[in-house]
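4 protein chains.
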Amino acid sequence: MEIQTMQTSPSTQIVNIGGFDIGGPNFTVIAGPCSIESPAQFMETANGVKASGAHLLRGGIWKMRTSSKDFQGLGSAAFDFVKNVCKETNMSLVSEVTDIRQIEEIYDLVECFQVGSRSMQNYELLRELGKQRKPVLLKRGLSAYINEWIKAAEYITNGGNQNVILCERGIRTFETATRNTLDLNAVAYAKRNTNLPVIVDPSHAVGIRALVPDLACAAAAVGADGIIVEVHPRPAEALSDGMQALTLSDFSAMMKKLDKILTAIDRPLHKVTEHAH
Amino acid sequence: MEIQTMQTSPSTQIVNIGGFDIGGPNFTVIAGPCSIESPAQFMETANGVKASGAHLLRGGIWKMRTSSKDFQGLGSAAFDFVKNVCKETNMSLVSEVTDIRQIEEIYDLVECFQVGSRSMQNYELLRELGKQRKPVLLKRGLSAYINEWIKAAEYITNGGNQNVILCERGIRTFETATRNTLDLNAVAYAKRNTNLPVIVDPSHAVGIRALVPDLACAAAAVGADGIIVEVHPRPAEALSDGMQALTLSDFSAMMKKLDKILTAIDRPLHKVTEHAH
Amino acid sequence: MEIQTMQTSPSTQIVNIGGFDIGGPNFTVIAGPCSIESPAQFMETANGVKASGAHLLRGGIWKMRTSSKDFQGLGSAAFDFVKNVCKETNMSLVSEVTDIRQIEEIYDLVECFQVGSRSMQNYELLRELGKQRKPVLLKRGLSAYINEWIKAAEYITNGGNQNVILCERGIRTFETATRNTLDLNAVAYAKRNTNLPVIVDPSHAVGIRALVPDLACAAAAVGADGIIVEVHPRPAEALSDGMQALTLSDFSAMMKKLDKILTAIDRPLHKVTEHAH
Amino acid sequence: MEIQTMQTSPSTQIVNIGGFDIGGPNFTVIAGPCSIESPAQFMETANGVKASGAHLLRGGIWKMRTSSKDFQGLGSAAFDFVKNVCKETNMSLVSEVTDIRQIEEIYDLVECFQVGSRSMQNYELLRELGKQRKPVLLKRGLSAYINEWIKAAEYITNGGNQNVILCERGIRTFETATRNTLDLNAVAYAKRNTNLPVIVDPSHAVGIRALVPDLACAAAAVGADGIIVEVHPRPAEALSDGMQALTLSDFSAMMKKLDKILTAIDRPLHKVTEHAH
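Residue numbers (my numbering), protein chains in the order written: chain A, 1 to 277; chain G, 1001 to 1277; chain R, 2001 to 2277; chain W, 3001 to 3277.
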């Protein structure tokens, strides 16, 4: 075991997505469904999370699924209505690419490319994202050392794209009562040892709806720069990960509690009116 | 993987240690050195943490050490001065027993017996503690499923002693940058699935002094009932675990931040004047 | 990660149990039920495993169980008939102690004390076993580093009892398809870095009857000094761990395959006639 | 924990690489350097391993490295001399592709595409390999459940390419004394639950040269269909993974011991003269 003492933190560089600074004095909330399933589902979710104060939209167009038989996302069938939802709600989208060819396909649709945990060491994908001009949200691999996660980010930044946001989303451990194990040690550690913004995905990290808000609050208190969270109007009908999706009402209640904690530690939520799309 | 949704939490039963209710509306802070090393070191630490608002003292009389060559604690040589420090500071002590024979030896010295993570499945020890009238703080084993931890508590409660407090102190995972991995999922889960108070030991959970306060804040935000934290007047001179001990000044700063967060979520720190030894 | 290259192995010291040298030129097989359940069950198992070439008996008198409601072993009610079975079959017993007080209780019954994985860091128990004159079989803790396992053995040897046998029994990992993960890396590593005999418990390591013989063969091939394996005449009726118990017929078939592999690598099974009780 | 009992194994389908059947009555050895570094290094290694009985060559043209600053493989600069070495030695090559674009580039160079552990869930790559007519060696992800590994194989077979070989190469666990933890439980389990051939990479699984042969022998005894092992004429000069590379002399000694074990269990090594390139 290698243990280090750290006394000072580097200053965090700021990454701007759709008008919101991530890594600055305000806390950012990215919310939306796991999968984008239909125009109605996506519009309802977007309007709902915006009304409760979310800053950016999330939503999967292509889904990586353990089984090839599970729902793999709508793909290009979603492009038109996704663009429309973003325009109507005046929100920017963060969405995952799982292959180099997808970068170009959704370039105009998203303001931030997400790299999922299964792809954290898809170095060819990272190199290609290093050549782009839009930010990249890099999820930690399921069993990646913090150090491997930081080094994976360098595959992007070495290519010239400095706009990388680290995202802790739970690691795989022996525990089975929860989907993964949220590693807030890693958030505190990465904040002290890199200058990249660090956000948390409490939804994948615990996998149990009722516990997501508590862990979002913990993420805020530990010093994360934001969260990315799954919300679905009717989780029981979700085509993927319904167990961990908040309802719109859960989300609204969570935002109120987050607001209290963040205000207390002088790290307030962005005001939605700051938005300059 | 077994995933459960939980909508309601059981009401937490209250365990009183030295006049402080654990599991009720207030948050409890237990602080002190890893090992009790000398009368001067223990008195200085006790006075220091009390001045910053700690409610209860911690301190090891016997230490479990991986190597038989490492410092094993002062043992009975500490009894007299420990009693004196508790009396002078009007604070109660939480201390570890590693063997059945130690229960009687320190019965009059402590107000709560601690069971360390290596002993979580020392069922003979748990059974014996189930016959005592003083509370037991049960640390989670290094690689114990949440369910095993809860079932270990039943070895105590089945014996008639209901005064058990669960303590999450980090689990062993693949990550090596931090000493252990703090599992706040487990805290949120245990709060929803048991009626026992749950506290967090951020010191062992991360093992790096600079990160301990951030994780203590996360523990407060996630809904823990308290923390137990290591403090040493001069960590560089500590005979055990100096890397993770807060200085008295670190501790004081942490208490101020904790106070802000806990006030914001209506879970204030106990007032020290509540103390009724 | 700390990686070491090792070129030479220390010579293994020999530990004798009931006339069989463990750690010498021959391979040792310890077999029997998880729990000793009745005179008939234990006698039938003992006769059966002996007929197929087992050298020593295993069998739990006290069982450590995660749940306090599960079968905890017969305890002292088994003493008389256990002694009788050992005498009738002319076999020596390896059995677990979970508490210091049990050492004296079964001193005359066993030729080797077993320390279970939950007790690997019960240092008071190890210290007490260090004062005894009978060998100790020390199972690796569920999540013990190889180095912690070796250092735990020193708690015994430092007390004067050099007769320690290390036993790898599977570690806890993320994998859930098998009960634990058999770590044969650790066996190869320990053989090169200590002079203690090292044996393998394939039953707990995999937890699935059909796979136990394959893993026993792997243990023989990797260089272990023996195995300890669970056998039950009617596994479906076992009071503990029936899923992983071999039938007498499975055991017999496994012994034949082991014999072939061990003969090929010049590490033959002890002949049963070597036995000098 | 989900535990299953299995009594029968499916018959293993046979995958032919360069004239050698994998999954049939004979055991296959794939050997060569981690990285192909130069014509001389690759030729010397190929000749050396062939002389000791290796059946197929391994060697990395593109290397996935945690740090973007480490040696990334020769890439296209190696194509000509690699073809020449294969021709001169009359051996077929197994080599890794890390990106869809590489499949076409090395299609004529290799007889089997390797998918590394970091790419096990690069589903786009797997889908593309499912359209090819050459076999795929699919390494298990660092922290993939056995079930995820099997499901990843279906991304290939669903595309029409049934020629998939599973390769266990060590999983990431808490243990740090060895590079990874070889999971032979998984080999035994996969042999019983799929009809795909299963081989073992002991080099990455343990990461320590001196222990590789012992673990190769364990793989043979547990029932694997072959091994893939790293060999370097001068490991100290290797550009990647030198700590785990066998010398040619180590390899030769290992083959002799493997031969004994495999003969004993009626699973002999392929004769090299069987080769029909």
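Hints listed in this document are in silico derivations from the structure and should not be mistaken for laboratory results.
All residues carry an ideal CB built from backbone N, CA and C; glycine is no exception.
Warning: the hint list may mix true and false statements.
Unchecked claim - To list a few chain W residues with every Cβ distance to chain A over 10 Å, as calculated:
id, residue
1, Q3013
2, T3098
3, E3124
4, A3152
5, A3253
To be verified - Derived SDA-like pairs (lysine to any residue); straight-line CA-CA distance at most 25 Å:
id, chain 1, residue 1, chain 2, residue 2
6, R, K2050, R, I2014
7, W, K3083, W, T3066
8, R, K2256, W, I3100
9, W, K3257, R, L2262
10, G, K1050, A, I265
11, A, K256, G, P1268
12, A, K134, A, F81
13, A, K257, G, P1025
14, R, K2069, G, G1130
15, G, K1256, A, P268
16, R, K2256, W, T3012
17, W, K3257, R, T2263
18, R, K2260, W, S3011
19, G, K1083, G, A1238
20, W, K3256, R, N2084
21, R, K2271, R, N2084
22, G, K1257, A, K134
23, A, K256, A, N26
24, W, K3260, R, S2009
To be verified - Footprint (simulated), chain G over chain A, 3 or more residues, beta carbon under 8 Å:
id, region
25, 73–79
26, 134–148
ask   = Can we confirm that no CB of chain A comes within 10 Å of the CB of A3152 of chain W?
value = At roughly 8 Å from the nearest Cβ of chain A, A3152 of chain W sits no farther out than 10 Å, so the non-interface label is violated.
inquiry  = Just to be careful, I want the Cα atoms of K2271 of chain R and N2084 of chain R compared with a cutoff of 25 Å; is the pair within it?
reply    = It holds: about 23 Å lies between the C-alpha atoms, which stays within 25 Å.
query = Can the region 134–148 of chain A be counted as covered by chain G under the rule of three residues or more with Cβ-Cβ separation shorter than 8 Å?
reply = holds (count 4)
ask   = Between K1257 of chain G and K134 of chain A, is the straight-line Cα distance small enough, at 25 Å or below?
value = violated, 36 Å
query = Would you say T3098 of chain W is clear of chain A, with no C-beta pair closer than or equal to 10 Å?
reply = violated, 6 Å
inquiry  = Please verify whether K3257 of chain W and T2263 of chain R have alpha carbons no more than 25 Å apart.
reply    = With Cα atoms ~12 Å apart, K3257 of chain W and T2263 of chain R stay inside 25 Å; holds.
query = Are the Cα positions of K134 of chain A and F81 of chain A separated by 25 Å at most?
reply = Distance ~21 Å between K134 of chain A and F81 of chain A Cα, so the pair holds.
inquiry  = Just want to verify: E3124 of chain W was marked as not at the interface with chain A; is every Cβ pair farther apart than 10 Å?
reply    = Since the minimum Cβ distance to chain A is about 4 Å, E3124 of chain W lies within 10 Å and the statement is violated.
ask   = Has the given pair, K1083 of chain G with A1238 of chain G, been kept, meaning a C-alpha gap of at most 25 Å?
value = holds, 21 Å
request  = Please work out if K256 of chain A and P1268 of chain G have their alpha carbons no farther apart than 25 Å.
outcome  = holds, 18 Å
ask   = Against chain A, does Q3013 of chain W keep a CB gap of more than 10 Å to every residue?
value = Its Cβ never comes within 10 Å of chain A, the nearest being 19 Å, so this holds.
ask   = Going by Cβ atoms, does A3253 of chain W stay more than 10 Å from chain A at every point?
value = holds, 34 Å
Violated hints, listed in ascending order, are 2, 3, 4, 7, 8, 20, 22 and 25; each of the other numbered hints is respected by the structure.
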